[in-house]
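Asker: When you get a sec, could you build the whole thing from the sequences and use the hints?
Just so you know, we're using our numbering here: the sequence shown kicks off at 181 and counts up by one.
Hints are not guaranteed to be accurate.
Unchecked claim - Subject to a maximum C-alpha distance of 27 Å in a straight line, what follows is the list of computed DSSO-like cross-link-like pairs (lysine-lysine):
hint, residue 1, residue 2
1, 265, 337
2, 328, 182
3, 265, 288
4, 191, 337
5, 328, 227
6, 223, 288
7, 288, 328
8, 231, 330
9, 182, 196
10, 223, 337
11, 227, 288
12, 337, 231
13, 227, 337
14, 231, 328
15, 265, 231
16, 196, 265
17, 330, 265
18, 191, 265
19, 196, 328
20, 182, 337
21, 231, 182
22, 196, 337
Stated by the list, open to error - Label-pair distances were calculated between CB atoms; the ranges are:
hint, residue 1, residue 2, range
23, 181, 219, 27 to 37 Å
24, 349, 215, 16 to 26 Å
25, 318, 234, 18 to 28 Å
26, 313, 217, 14 to 24 Å
27, 236, 346, 44 to 54 Å
The hints are simulated quantities; they were obtained by calculation from the structure and are not laboratory data. Glycine included, each C-beta is placed from N, C-alpha and C at the ideal position.
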Amino acid sequence: MKIIDIFANRKLYAVKYDGEDFHELDRLLDLWNDPVHLQTFVKTNSKDIPKERTSYQVINDILNNVSELEDILDEIATDGNRQFKEFFNPLYNQEYKVVELSMQKGRKNYLRLYAIKIDENCFLITGGAIKFTHLMEERQHTLEELNKIKSCRDFLKSHGVFDDGSFYEFINQDL
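Answerer: Laid out in structure tokens, this is it:
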């Protein structure tokens with residue numbers, strides 16, 4: 181596992197898992213922009229799509245949302261007055277106190293980016309999913325993402341990471 185700096189301002193990172201060609205953000209954006217993948221995914225999960233939407237509409241929604249998601253991240257990265265904490269929220273809605281290495285989600289309609297909040301405005305993307313159901317545990321693909329984010333958090337903790345200072349120290353010695 182490697183940690184990749186996505187933007188030069190050193191506030192958004194992504195995991196590149198062993199055996200993968202791309203870090204998670206690039207991998208997900210490529211996957212979510214692939215109409216063949218989306219057709220297969222929507223067909224496989226057709227019982228979960230909202231009843232008022234056709235498969236074709238859902239695929240178009242996702243393709244539009246991917247573009248919007250990319251725009252949101254780019255805008256935050258390039259606007260000195262904005263921060264990634266505007267996009268990411270606690271994974272569990274009932275999380276109201278400060279949690280060390282909090283599990284987070286960023287969302288755009290059906291799309292989810294999962295991340296670990298390293299510090300106030302520093303996030304590490306661990307994965308993502310197209311999510312139609314309420315709970316991550318309801319479907320195998322979202323359960324796998326939950327396991328990935330937990331595993332990454334445990335990995336960071338086992339290497340003494342608890343805030344941005346220890347995170348930067350860890351990734352600088354990891355390079």
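Asker: Hint check: residue 231 vs residue 182, CA-CA at most 27 Å. Holds or violated?
Answerer: Roughly 40 Å separates the two Cα atoms, so the pair is violated.
Asker: Given the hinted pair residue 182 and residue 337, is their Cα-Cα distance within 27 Å?
Answerer: OK: residue 182 and residue 337 at ~15 Å, within 27 Å.
Asker: Quick check on a hinted range of 44 to 54 Å for residue 236 and residue 346, using CB atoms only.
Answerer: holds, 48 Å
Asker: If you draw a straight line from the CA of residue 227 to the CA of residue 337, is it 27 Å or shorter?
Answerer: Status violated; Cα separation ~38 Å.
Asker: Can you confirm whether the C-alpha distance between residue 196 and residue 328 stays at or below 27 Å?
Answerer: holds, 12 Å
Asker: Okay, residue 313 versus residue 217 on CB: inside 14 to 24 Å?
Answerer: Hint holds: Cβ distance 19 Å, inside 14 to 24 Å.
Asker: For a C-alpha distance cap of 27 Å, please report whether residue 191 and residue 337 respect it.
Answerer: holds, 19 Å
Asker: Is 16 to 26 Å a correct range for the gap between the Cβ atoms of residue 349 and residue 215?
Answerer: violated, 43 Å
Asker: Measure nothing beyond the straight line between the CA atoms of residue 196 and residue 337; if it is 27 Å or shorter, mark the hint as holding.
Answerer: holds, 18 Å
Asker: Between residue 191 and residue 265, does the CA-CA distance stay at or below 27 Å?
Answerer: Distance of about 10 Å is within 27 Å: holds.
Asker: Given the hint that residue 328 pairs with residue 182, does the C-alpha gap stay at or below 27 Å?
Answerer: holds, 14 Å
Asker: For residue 223 and residue 288, compute the direct alpha-carbon distance and say whether it is at most 27 Å.
Answerer: Roughly 21 Å between the alpha carbons, so the hint for residue 223 and residue 288 holds.
Hints 8, 10, 12, 13, 14, 15, 21 and 24 from the earlier list are contradicted by this structure; the remaining hints agree with it.
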